Each structure stands twice: as C-alpha cells, then as structure tokens.
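Undergrad: Position chain B against the provided structure of chain A, taking the given hints into account.
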Amino acid sequence: MINTEIEQEMIKPPLPPGPLKWVKENLFSSIFNSVMTVALIPIVFYLLFSVVSWALFSADWRAVTQFPLLYTVGQYPRDQIWRVGVILSSIFLFLGISWGRWGGLLRSISLAAGLVCLVTALLPVQHPQLDQGVRLFLGSNTVMILIGYFIGRIKAVKASVIVVGWLLIPICAVVLLAGIENSELIPNVPTTLWGGLLVTFLLAAGGILLSFPLGVALAFGRRSDLPVLSGFSTIFIEVIRGVPLVTILFMFSIILALFLPVESRIDRLVRALMAVTVFSAAYSAENVRGGLQSVPLGQIEAAKALGMSNLKTTVFIVLPQALRAVLPAIAGQFISLFKDTTLVVIIGINDFLGIGRSIINSDPEFVQLRTEVYIFIALIYWIFSYLMSLASRRLETAMGISDNL
Amino acid sequence: MTNNQPLISDKANIPFYRDERIIKIFAQVLSAVIIVGILIWAIINFFKAADARNMTLTFSFLKESAGFPISNPPIDYDPSMSFARAFQVGLVNTLLVSGLGIIFATIFGTLIALARLSSNWILSRIALVFIEFHRNIPLLVLLFLWYFVVFGMVPQVKESIKWPGPIFLNKRGIYIAWPRLTETGGIFVTMAAIGILVSIIVFIILRKRRKITGKATYYLPASLGLLIVFFLFGWLLSGGTPFQMDIPSFTGINYQGGLRLTPEFAGMFLSLSLYTAAFIAEVVRGGIQAVDKGQIEAARAIGLPPMQVLSLVIMPQALRIIIPPMISQYLNLTKNSSLALAIGFQDVFAVGKIVINQAGRAVPVFALIMLTYLSLSLLTSFVLNIYNRRIQFVTR
Chain A
1 MINTEIEQEM IKPPLPPGPL KWVKENLFSS IFNSVMTVAL IPIVFYLLFS
51 VVSWALFSAD WRAVTQFPLL YTVGQYPRDQ IWRVGVILSS IFLFLGISWG
101 RWGGLLRSIS LAAGLVCLVT ALLPVQHPQL DQGVRLFLGS NTVMILIGYF
151 IGRIKAVKAS VIVVGWLLIP ICAVVLLAGI ENSELIPNVP TTLWGGLLVT
201 FLLAAGGILL SFPLGVALAF GRRSDLPVLS GFSTIFIEVI RGVPLVTILF
251 MFSIILALFL PVESRIDRLV RALMAVTVFS AAYSAENVRG GLQSVPLGQI
301 EAAKALGMSN LKTTVFIVLP QALRAVLPAI AGQFISLFKD TTLVVIIGIN
351 DFLGIGRSII NSDPEFVQLR TEVYIFIALI YWIFSYLMSL ASRRLETAMG
401 ISDNL
Chain B
1001 MTNNQPLISD KANIPFYRDE RIIKIFAQVL SAVIIVGILI WAIINFFKAA
1051 DARNMTLTFS FLKESAGFPI SNPPIDYDPS MSFARAFQVG LVNTLLVSGL
1101 GIIFATIFGT LIALARLSSN WILSRIALVF IEFHRNIPLL VLLFLWYFVV
1151 FGMVPQVKES IKWPGPIFLN KRGIYIAWPR LTETGGIFVT MAAIGILVSI
1201 IVFIILRKRR KITGKATYYL PASLGLLIVF FLFGWLLSGG TPFQMDIPSF
1251 TGINYQGGLR LTPEFAGMFL SLSLYTAAFI AEVVRGGIQA VDKGQIEAAR
1301 AIGLPPMQVL SLVIMPQALR IIIPPMISQY LNLTKNSSLA LAIGFQDVFA
1351 VGKIVINQAG RAVPVFALIM LTYLSLSLLT SFVLNIYNRR IQFVTR
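Protein chains in written order, with the working numbering: chain A, 1 to 405; chain B, 1001 to 1396.
Among these hints, one or two may not hold up.
What the hints assert, rightly or not - Over the 10 Å line for every Cβ pair with chain A, so calculated as not near, a few chain B residues:
(1) V1092
(2) L1111
(3) V1154
(4) K1158
(5) T1182
(6) L1259
(7) V1309
Claimed, not checked - In silico lysine-lysine, DSSO-like type, Cα no more than 27 Å apart, as pairs:
(8) K21(A) <-> K1293(B)
(9) K24(A) <-> K1293(B)
(10) K1171(B) <-> K1158(B)
(11) K1024(B) <-> K304(A)
Just so you know, these hints were derived from the structure itself, not from any lab. This structure is a prediction, so every number in the text was calculated from the model and none was measured. Backbone N, C-alpha and C define an ideal beta-carbon position, used for all residues, glycine too.
Chain B with its partners taken away, still in its complex shape:
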C-alpha cells in the first residue's frame, strides 16, 4: 500500500455548502438578518408616519386630564382625573369581573361535572345539555343573549321586579340589600381578621403535630372554635351592631342604597362564567374519570365513608390532572373579559380604546394594554404553577 491517505478526510472532501456547522451559522445569520430587517423596515415606516401625523411615543400623556366620563367606576373617578387613573378604573373592572368569574365558574363548573357524573339519568342529561349548549356557541353570541335579550326584557325602574332579599331588578341594574359597616363595625372586622389569621396558624401547627406525632390534636374543631370565639368577641365589642342592612329604596326616579350591579357587569359576569363553567365541567369530569377505579374500590374496601373517598382518594389524584387545563381556562376567562367592549362595560381594553380614539396615541396605549394582559397572564400562570407543583407526585 503506497497510498497512505486516510479513507475519510477531515475537511478536504466535504464542500463548505454541505458542512453542517457552516450551514447552521449561515441559517442563523440569514434568519437574524430577515427578522431584524423586517423590524427595521417597519420602524422606519412608523417614524415616517409618526412625523406626518404628529404622533408621540412617550407615556407623558398619562398624567394629563382624561376628560371622558366612565359610567359606574368601581373606584373614585371623574373626567378631570388623569389618563392613568382612567386606566386604573379599567384595570379594576377587568380584575373584578375576571376574579369573580373565575370563582363562580370553578364552583359552578365543578357542580355541573358532578351532575354530569351523577347516576341519575335526568340530572346527567341536564348537565350534558348545559355543557353542549355553552361549548358550541361563540362567547360573543352568549354575551349578546344575556345582555340584549335577558337584560333587555327587564322592566323600567318604576315597574321593578322584586325578589325576596330584597332584590330589585330593573333596566338600571340589580339592586341587592347589602350589609354595610356601622361606626363600630371596624372593631368587628379587625377582630374577625385576627381570628381568621390565628385559627389558620393554629390549624397548620396542630395538623403538622398530628402528622409528626400521630396523636389526635383535633385541629379542625380547635381552629373552628377559636374562630367562633373571636367573632363573638368582636361582635360584643362592637356593641352588637357591627353591620346594618343597606336596603335599596325607591326615591322617585331611581333606587338608592344597597349594592348595585350594572346590567353591563351582570351580563359580562354571567356569560363569562357560564361559558367557562361548561369548559371547566369537562375538565373536572375528565380528571375524575381518569382516577383508577381500583383506587375507589380499595378506598371503599378499607371502609372509608363516601365523603372521605371523594376528599382523600379521588380529589387528590384528580386534581393532578385537572389543574394544568384549569390554568388555561382561567387565562382564557381573563382574556375573554376583553369582549366587554362589545356591550360597553368599561374594562381595561374599552378604556384604552377611548383613549386611542381621543388622540393619536395608538402605539403607547396598545403597548400598555398588551403589557397589562401579558402580565396578568404571566402572574396567573406563575401563581397556579406553584400550586400545581405542590400537588404533583413527589418522586423520590
């Protein structure tokens, strides 16, 4: 063998256009150039347009006076206040409707799921009809059905519908008798808050001791008893009247007092939470059905009562499957609350829309809106992911 060349050479035989390392670097540079190029092109265009239309990119307008009214602000607001304050009003509205919506949708969705799994055929069918109805119509149509059809049929103020409670229902909203704090009410609330805190701490400590020592510590009765003692004490300290029922009364033109839910809020809240409840019901049903039948049979075999089978065996296992899709349902609900614009509920998006229409501040306002929703999404998924990690299997 006079030919001592190696069969496979390191570089010589591979042309550069087939060398994977070079291709990768080339692709990297090419994609970077294309993406950055498009961005620069768009920004140049924007500055041209901005010059032509005298637009600004700063957020300094937030301090200026807003000048537009917001109906039924949840926090103090009048048109002379700043744009920033208007945004806050919108944000509080968004948080209110999605927070309450999440709570209600979770409770109602779980109930629907349990009804769907019921051995009673009629109940299970009713739940199925509810789920299939809500899952197959667009949320906006559901919103219009509630807002324009149901709340559209409500009578004028003078012919208000009266329900026990008393609850009054008319064109201007729902008026509910609501307990309001009296002068001494503050003492009661403080005592109640301390009581809740103390009983939670006692609950955790006693339960931990029970887990470590194995001795009965009666953590549930102990903490509940503490709670009742604190509440009673607070009630006595406040002179027996911490609350006064604020009953809505008719003043000739309108109802005054009580808690007022506007038709916009009620329509938004109901359609959002019923729509999401249908999806949550399917999530919960899937989670419960995924629990191995043998687990339930084993729990019954060792003599656990039905409630404990549910709370100690089914739920902990089902939750592991339920939580991740539940997180995305909560996020959907929060994002869907932006449909409020269609019926004139002043959420963050609707307020932003007014600000855009008022002056050419489209870009900063949009950045603000997107940032708000993004941080809401990230915050929700962050908190729930921590919870999710806690309830997942602990693998050793």
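Chain A extracted, bound-state conformation:
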C-alpha cells in the first residue's frame, strides 16, 4: 500500500506555470530585475509606437510602391517579361511537387509562397503595374503549387526526376533569360538590362550551386598527398580567405581581362558570378575539410576492407558523413553568400540594392524618400536570410545534428 502511495506522488505532473508566476520569474525575480523591467517597458513601448506610427502615417512609400517591376527584374524589357514569369511558375511547380513528395519544411514554404501570390493577386488597390494580366499570373502560381502537390503525391514520379528537374531549372532559366541571338521568339537580352531581385537571386543561386562542388574539390585537393595539388589548393584557399570580397570582385572585373586573350570578352554579370563563386568556394572548402577530418579513419578502413574502390569510398562513405557533420557551417556560408551578393553594387551591377540606389538617385524628390527605400531593402534582405536560417535550423533538427529543438 505504501508503495502505490509513493508512486502516485511521484507521477503527479508539475503545475503549468501560470501567467502570474511567469511574470514573477522572468520580470521581477529580484530588485535589480524589477527596476530594469520598469525602466525598459516604457522605452520599448515608445520605440515600437514611434516605429509603427512612422511606418503607417508619416512615411511616404511612393518610391517603393511605384516600381514593383524595377525592384524585381530591373530594366528587363517589359515585352519579354513573360520569360521571368515562366521561370517563376516552373519554380513554383517544382516547389509544389517537392512538397507533395517530401512534405515537412517544404510544406510551410509552399503554403507561404502560395499565400503571398494569392494575396498579391487579390490586393484591393489600384496600381498601374498590377493589371489583370499580372493578377492572373500570380493567381495561377498558387494553382501551380497545388498542381505540383498532386503530381508529387503520385508514386510513379521518381525522386531522382524531381532532383534533376531542380538542377535543370537554373540552366534553363539562364538560357531563357539571356535569349538566343537572332531568335524571333526569345531575342537576346543583354545582361546590362537585368537587375533587381532577379540578379540577386541569380548570383546567390549560381554562387551556391557552383561554389559548393568547387569547394569540395578544393578541400580534397588540400588533403591530397600530392604536394603540387595540395600546395596549390592551400595557397588558393588561404589567399582568397585573406583578402576582402571587394578585392576579388575588382580582380575579376578589372584584372582578369588583362590575363585573357585580347579578343575574349566575358560578360560583366558572369565575371561577378565567378568572383562570388571563387570567394565562397574557398570558405566552403575549409568547412568541408573540417567535415572530412571528422570522419573516423575506421570508416575508410572498413570500406577498403569491403573492397570498395577509392572513388566509391569517397562518394558513398566519406562525403555523406563529412557533409552531414558540417551542414550548419555550410548553411551559414550560403546565407552569408546571399548577403554578400550586395557587394556587386560597388562594381556597378544593379542588383536589388543597386536598383534601390538608382531609384533614389533618379529623382530629387526620391532623394528625400531614401529612408523608406533603404528600410524596405533591409526588410526584404532580412526576410530572405531569416527564412534561410530558419530552414537550415529545421533541416539540422530533422537530420538530428543539432541539440536545440
């Protein structure tokens, strides 16, 4: 009898902390804390109030709301803008497909993207650039995601097909955006006309996709037992990591041309992409190298004992474990690459930040509205990089490599 009594006492769950208890513990736990709370509350409320009232009543958002197309695609010819639309729609389609297949985080992203499109399509405001065609396009994107979802649910669609599709999108996108010389349907559009978020995303996505394999190669190169290869990789990595990105951007935009044959011309945007890629690759290489070092030697010996070739050991045993170990670092590297793409403004490319600056400088009236423009730009960058870090945290938890749940 005594035994059960004790048990009953033990399984009694702790009372959930009531709001009063929470306030007492977190705001008024000591005299010092109470003083701080009392002092901080009015300051926080005053700041919040002034920010909200400024944003709603005194701020003039004209310089932001007048040019939605400039902010998204820059000077891209308006009659060719359907190309961007096609790319966007296919991205949404594949997003939907991936949601149907894998769910999880992709579900939240898809739902959020679909909702944003739908809300923008139904916005009850008059805007010259938000005509019926654009509204219809945005609304169709929401449908696209849903169609994708149902395609993704079909078991016959193989996962590898979806992955290949994702890898093909950037290549098709670049071809479609650049166009083909002397083509009726998709005439050539010089990259000087590209701009806005389009360029920011192209540079970030291109940089991530290209720098990662290069980084892995450099990491292996540095660990190689061939002195020439490891020496070269080490010097390359250390020099790139030792100088600022601005230097590398200028090197590719000014110096590179001197070391190539006179007649060769590399496009401005491509040179910027090369610089971003090389810079990011050096940092990725160091992250990957850390991962490679963390793979226990026994794993490699076991693979060799099973008779796996060097290549197979690397691809199927070493790399998966190494990359899994350094996933947080790689994700952080990609976020900082996304933020670093803003530096192309300095070499005169109109990315999202650059377009904002051009809009400000285009009209003396807008110079007075720079506060609104820069705050808008900061907000957009903030949302995207915060989403990226949220995604990486979710991925870490899903893969069981982080301790914070």
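TA: For chain B alone, coordinates are given in the frame of chain A:
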C-alpha cells in the same frame, strides 16, 4: 609441386596503369603541367596586353607625386606628396577604423551576449532583436542605413544639434570637446607612461611571488597605488594643467577645434562594429553556455561571490571556446572595412582604386592591396593564436 612460382609476384602481374606509385607520379606531373600551363598562358596574354597598352609592372610610380586630394587625412598629406604616402594615409584609415571597431565590437558584443543571457525576459528579447536584425541584413545595407539615412538626416552646420559635452552634430561630422596637451603636458604624459609601466611590472612580480610563496602580496592595491602616485606626481610637475579642453567653436562657416569625426568615418565605424558585435554576441553566448553547469554550481558551493564565479570559473573556461571564432570575426571586420569604398571613406582599398583609375597600374596596385590585406590577416591571426595557445588547457 613442380610449379615453384610465387602466388603473388612483385611486379610482373600488376600492369603499370594500376600501380599506385606510378599513378601518383603521373597525377603529380599532370596536375603540375595543367596548373603551370594555365599560369604561363595567362602571363603570356598579360604581356601581350601590357605591350599594347604601355603598362608597367614596376613599383617605381610609388615615388611619383600622387596629385589627388584625400579628404580629412589622419596623417599629413597633400596632393604633391607621393603615391606611397597616399597609400600610408589609406592604411592608417583602415587600421584606425578596424582597430577601434574591434575594440568597440568586442565590448558591445559581450554586453549584448550578457543581456541575451539575462534572466530578465525583456532585456533578453531586446538583445535577441538586436542580434537577429544585424545578422540577417547585408553589411552594405546596414552601412547605407547609417550613412545615408541616419547621417543624412543630420542638420546643416548652422542648425547643429548640441549635446552635453559639448558635442556638436551636423552635416560635416561630429565635433567633440577633446582634451589637448598644454606646453607642460609632455611631462605628465611621460610620468603617466612610466607609472603604467612600473605598476604593470610590480603587478606581475608581486602576483608571481604570491603564486610561488602563497603569501598575500596585495598586488592589486600596490600597483594601483603606484599608478596613482605617478599620476599625481606628473600632474603636480606639469603645474596642475597638463590638459586643456579643446572646445569646438562656431566660426561663422564651420566649427573649429575639438575632435572631428567625419560622417564617413562615423558611419563606417558604427555599422562595422554593430554588425560584428551581433556576431560576437553569439560567439560569447555560445562560449558561456558551453561551460558545464556543474562548474558554476561547484564554484557557488565553495562560497565564491558571483563576480569571482564569473571571473575565475566561467570566463577562463568560456574563453577557450570563444577565442578561435573571435579571431575569425576580427579578421572579418578588418576585411569588411574595405566596404568603405561605397561611401567614400578613404581606406587602403579606396585609395588604391583612385590610383588604378589614374593610370594603367592595375596589376602592381592590386598586388599591393592584396599584400596589405594578407599581411594584416596573417599578423592578426598570428598574434591572437599566440594568445589562444596561452589560454588553452595545459596538458601534462
């Protein structure tokens, strides 16, 4: 058994293309040929281009007169001085902004980390908002926000904002009342320097004796007392007026005197150090949280006061984790100072850019810029790595 051949022969059965030694030598030669080939090809191209454009590869231009002005040089400079001097001006600017930035970012970042760990919910949330805001926007956007938005709203010279101090704030910069040495100030500074040196030596010697003998040597009061004595002595020797406040005054067009911070410097310094402070805050928080809870409980159990728990138990252990990522944050800050170009602060990179635009000296100037940043990086990591090695666990 008539067949006496060994089962595994040394060479005969392995074809040369599967012999690992030969493959390695081959790969070595191949990679060397490819790398060297590309380099030679690039250099040949370069010499062709150099011939066509009359470019030089020498550094002799450094002695020539620069011919371009630099606004607000921290050291003496005018356009008639040499290119080398212009570079020095840029270098001093870079060092100033990154050195001060590192100090401020470290202090502020640590405070933010402590606020983040505070048991007060509001304070902790404020720190979180600060960190998340700065970590998720590009530094260049932050720089533009500070330089164009905040410093853009500052009034004209005639309507300067006046803060107690006095500090004047206007379009041309921040003017701060600043103590300047008087004629006898030199004596005071010398005495102060000697005093600091002596008290540090006394501090080290007495602390060592305490460690060896275990007897109380009162090293802290002794060295502090010595310091005060030296300062007082210096103050008396200088006749009681070693310093004079240099108060900025309005001369009709502009403010004169005091310490002037240009908007470019202030914008660069603030955005760099706030941005890095957010990252440092996360580093410090991670380091403090990594200290085993049992260590803190044990320190409390033996009766250490909270300050000593922090300084004797938490910090020494947390520092071991904090220092390596902190080094890379310092390096990042130094490299990021090159963004100064975007707002016209004349750092080493901006000066180099002007020199490139002036004449076709792109390659030597670039080599110079890269060498400067590389040596800064190497120097910083060298010094901090020594410190890092000193505070790591001593394993016997």
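Undergrad: All the hints need checking, so say for each whether the structure fits it.
TA: For each hint, the structure was consulted:
Every beta carbon of chain A lies more than 10 Å from that of V1092(B), the smallest distance being close to 18 Å; the non-interface claim holds. With a closest Cβ-Cβ approach of about 14 Å to chain A, L1111(B) is found to remain outside the 10 Å limit, as its non-interface label requires. Remark: the non-interface label on V1154(B) is consistent with the geometry, its nearest Cβ contact in chain A lying 13 Å away (cut-off 10 Å). Once the 10 Å rule is applied to beta carbons, K1158(B) is consistent with being away from chain A; the minimum gap is 20 Å.
Distance check on T1182(B): its Cβ is at least 41 Å (rounded) from any Cβ of chain A, clearing the 10 Å threshold; non-interface status holds. Look at L1259(B): its CB is around 28 Å from the nearest CB on chain A, clear of 10 Å, so calling it non-interface holds up. Listed as a non-interface residue, V1309(B) keeps its Cβ farther than 10 Å from every Cβ of chain A; the least gap is roughly 16 Å. Restraint check: the Cα-Cα separation between K21(A) and K1293(B) comes to about 24 Å, which is no more than 27 Å; the hinted pair holds.
The suggested pairing of K24(A) with K1293(B) holds, with an alpha-carbon distance near 24 Å, which does not exceed 27 Å. For the given pair, K1171(B) sits about 10 Å from K1158(B) by alpha-carbon distance, which is consistent with the 27 Å threshold. This hinted pair checks out: K1024(B) and K304(A) have alpha carbons roughly 18 Å apart, not beyond 27 Å.
Against the hints set out earlier in the document, no violation occurs for any number.
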